[in-house]
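Colleague: Given the sequences, and given the hints that come with them, work out the whole structure.
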Amino acid sequence: MTESVSFHGELPAPGDVAGLLQKLAREYLIPGVQFAVYDRGEVTSYTHGEEVHGSGTRVGPSTLFPLGSVTKFVTATLLMQLVSDGDVELDAPVGPLLPELAGTPSSPLYTASVRGLLSHTAGLPDMPDVEGDLPLRECVAASAGARPLCEPGKVFSYSNLGYVLAGRVLEAVTGMTWWEAARSFVLNPLGVEPGFLGSAAPGLAVAGQHAVHLPTATVHVVEEPGLPRALVPAGALMASASDLLRVAALHVGTGGPGVLEREQLEEMRRPVKGSHAFGLADGWGLGLAAYADSAGRMWLGHEGNTGGATCAMRMDPERGIAMVLMTNATSGRQMGNQFFEELSSLGWDVGRNQEPDLGKPLSGEELRIAADEVCGVYRAGPDTVTVRWAADEGVLMERAQLVPVRLELYSDLAFRLKSLSAPEGGYVSDESKDLYCFVRTGAGGFAGGGAGSGRVGGMYLSGGRLQVREGIGLLG
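Quick note: the sequence shown, position 220, residue 223 per the numbering used here, numbers continuous.
Take the hints with a grain of salt, since some may be wrong.
Keeping only pairs whose Cα atoms sit at most 20 angstroms apart, straight-line, the calculated SDA-like set for lysine to any residue is [what the hints assert, rightly or not]:
(1) K436 x P359
(2) K421 x S366
(3) K436 x S465
(4) K26 x G350
(5) K26 x G148
(6) K421 x L438
(7) K421 x P385
(8) K421 x D395
Quick list of simulated restraints, FRET-style, between CB atoms [claimed, not checked]:
(9) R371 x D437: 21 to 29 angstroms
(10) R322 x K276: 25 to 33 angstroms
(11) D132 x G429: 29 to 37 angstroms
(12) P138 x K276: 16 to 24 angstroms
(13) K363 x L423: 18 to 26 angstroms
(14) R29 x S65: 21 to 29 angstroms
Read the hints as simulated data drawn from the structure, not as lab findings.
We put the beta carbon where it would ideally sit given N, CA and C, even for glycine.
Modeller: Shown next as structure tokens:
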């Protein structure tokens, strides 16, 4: 299904896009897809498939899908409103704004800045290490003793805890809940009627969520619960693709009345120093990732995943173009990667994470030498990862409650995870063939992909999340 067909010359023909979506949805066993394009004021919306597998209810242009971490784009917009109003300083510590942190001036949460939180450069671990479903204030108080991973402003490490803290700042300054502020200050002024993950949406069509296992061609409905209350600012929103484009239009179109000033919009789009995010993006602004296309032109956006849905947003402010792809399946991320690749063959090269030329995996003596560099224990918050050498298997990774996996290691210390039990050592997940890397300390501070002159001090694992090697101290 396609609505509105006003494209400008550089974009693919609507029929080509619709055909590509249908082909890839079938290939990746995705029950339902939404794709919408904003092109200099015109919105074109595509839909395919069912809201819930086997239900017969078709996905429509207004069907709500979970945004996952694309919710962070809205949280960043809210914080930048406070910056614009003078209620919050972009580079000042947030601790003085939060009574629960008053007695912990040396806490990395106290000293974090809004810029560091929104760009994932505050040096915080990924998740709060707390028990129970705590509200924002109690979660921040319980997280005050979190051990930082790196020096603030020096290194990228994706952090949901950073957005917990950002949400708490918003709550403390406005006196409103995050949900009330998001609706009142951003979404409703832009004409968006959002949903909330885990809550009923009366009168609104909502896509289900699905776990897909490609090797066995199975699709299962996932009963995804709502997020813990503290993680709401990091991933709780639901919206349609076309409604999310209303928020993106702040950056690529005429925007919305009184939502954000031009100066703050430009600040959001500017990549922060030290924000290169290996395996995710070329850099990170304030709530926005930066992705280069093959011509070197920079796109902005964000990606999000839940236990059974995916969302990918891209925008090019210079050309006035934005797009959103949403699916209701775990395999949607893999489909999205291929969708972007194939769009380029149709003449539309969308910015995306570009994989480096790795060459062949290390083997024999080269692998053994590399193992001497990378074997050790790595930590992030309560999580521990052990990398060790096994003569019969090579370099192994062991994590609590997960089966050991083998590292397919390359000369620049990038690696993929391979199963020890699957035939021919297949990839651990059939949803993607994620690329990770070990990172070195060096004269420049910190460098990924084997660059730098010092010893291996950490690794990027699982979506830009940094793990620090024991005995290194703070990276950066």
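Colleague: Among all the numbered hints in the text so far, which are the ones the structure does not match?
Modeller: 5, 7 and 12
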